[in-house]
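Sequence lines, in order, name chains B and Y. Following the numbering used here from start to finish, the first sequence increments by one per residue and tops out at 298. Following the numbering used here from start to finish, the second sequence increments by one per residue and tops out at 298.
To be clear, the hints were calculated from the coordinates, so they are not data collected in a lab. Predicted model, so just to flag it, every value in this text is computed and none were measured. Hints should not be assumed to be uniformly reliable.
Which copy is meant is left open, so a pair is good if it fits within one copy or across any two.
[Unchecked claim] Straight-line Cα separation of at most 25 Å, DSS-like style, residue types lysine-lysine; simulated pairs:
| hint | residue 1 | residue 2 |
| --- | --- | --- |
| 1 | Lys-292 | Lys-122 |
| 2 | Lys-162 | Lys-219 |
| 3 | Lys-44 | Lys-272 |
| 4 | Lys-56 | Lys-40 |
| 5 | Lys-96 | Lys-40 |
| 6 | Lys-44 | Lys-58 |
| 7 | Lys-56 | Lys-96 |
| 8 | Lys-128 | Lys-294 |
| 9 | Lys-128 | Lys-277 |
| 10 | Lys-272 | Lys-217 |
Residues per chain, in single letters:
Protein chains: 2
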Amino acid sequence: MTTENNENILQAPFRVGGITITIVGVGLIGGSFALVSKQKSIAKHVIGVCNREETKQKVLALGLVDEVLPLEEAIKKSDLIYVAIPVDATVPVMQKIMHLVNNQQIVVDAGSTKFVLCDALKNHPMRKRFVATHPMWGTEYSGPEAAVATAFAGRACVICEKDKSDGAAVKMVENIYTNLGMHLVYMEAVAHDTHAAYVSHISHITSFALANTVLEKEKEEDAIFELAGGGFESTVRLAKSNPAMWAPIFMQNRENVLDVLNEHISQLRKFKSALEKENIDYLNELMENANKIKRIIK
Amino acid sequence: MTTENNENILQAPFRVGGITITIVGVGLIGGSFALVSKQKSIAKHVIGVCNREETKQKVLALGLVDEVLPLEEAIKKSDLIYVAIPVDATVPVMQKIMHLVNNQQIVVDAGSTKFVLCDALKNHPMRKRFVATHPMWGTEYSGPEAAVATAFAGRACVICEKDKSDGAAVKMVENIYTNLGMHLVYMEAVAHDTHAAYVSHISHITSFALANTVLEKEKEEDAIFELAGGGFESTVRLAKSNPAMWAPIFMQNRENVLDVLNEHISQLRKFKSALEKENIDYLNELMENANKIKRIIK
């Protein structure tokens, strides 16, 4: 993993007046990207590509995009195509897009897994036009209504396989994310997926499982509602996340997720053992070790 | 579980000018209670009882209390004694306090477990002067520096075994918590401990275990630091909590905590099985079930 000092990247927009951006998948990430790109004058025109008629009406009504067009027409009018759809749909959609772009256009994806996609496109004749990214921002909400103009700022954006993309294309994408207030981190796709399993995917699984635990054990929903303080709310928050987004992520990153999930179960078993044996020293030791996370997460 | 409409409780302070309160254990909870009681004119004078010389200096320097006195002297001057110390210390300290109070004074505890204490005091000749409470508020920080004047508001406060306390004493305590912006929930001590295991104690264990998982698996601390987005931070936040506070809670509520911990491990195993078998339908089903928490936690 290498990080780049943001000062080395041009802060100014790359073209006076902005570019035309097509957003494929105008949901939490795509819709937020649309909003912020417009707000920061990165885009002068934003086109949405949506599967469903209902979504088309919504993204226009919410003012996320200037117009909605079919994929092929949208690409023709765009400088940059930003793909933010569930990762199981990304490969076929990306292959279609890559087939339609020319040597001036840039294709960016925002998926939470990177290896499957980078691997699928590695020999594509237009590979250099593609920049693989993962802006490490999200909320537990999904769909166009979840898009917010406060997205992205202050978080990391991972750029994968940078050397396989055209230099100027990477520069433009770096420029956009930096203007969004993100700091850039560079990784190989395999390393990205490993790290993402540790610091993002496992949090979602523990939160989903915690919700199921409490829903299973606590038959008095009133009690959850009345008593749940900040602690429970923050640990269970991610359990509201959209299965349609997360199931494909877990499946694509299956081996890494299983690896870290096994470790997590074994860590919980240590707490179980300490309690069963009434071993307060061991219990303290486990918690004191966990406290080390303070060093890393302020 | 029963809840009471706050409108039925007198909102006005119970004595013009406020009362004298002794805080035994001026940390996160006790210190915050001191701050807010003063701010809301519930207390005209706040006395701190601290074990360590270092803490005495700190609580005075932070302005949490007006003076620091030895327990016996402090009680003599007080209308109400508020005990907020780790639950393994509560029983012996409370027994000492109950021996020193008269029939006008009120003793309140704020511990996260209620059965052990209520059981220990059930036959005490002064039992009626004691009101068992659990304000369901906290942060991952501890000690006097963690005390904040924004504490308590908007959260539930559980009052246990209400019928074993003097009616006027309960009324005063209800009055105080209501003035702090809390809503009141009434429970037997046994029920409290069961519910607390579900909605509070398990969240802390999962968070501690998640921190240990990531610290074990993620050898690149830079990666955690760079990549951890809001999701990881919120699920791991409680792992910063103080072992000296939590170990006694887990031990006193051992059976309930073990019960819910076993369920949690079994819920995580379901995710493991879905991933191992690449059963995306099952994976979706597990997450859709977890989504039901939206109904309860907004």
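Item checked: In rising order, the numbers of the hints this structure does not comply with -> 1, 3, 5, 8, 9
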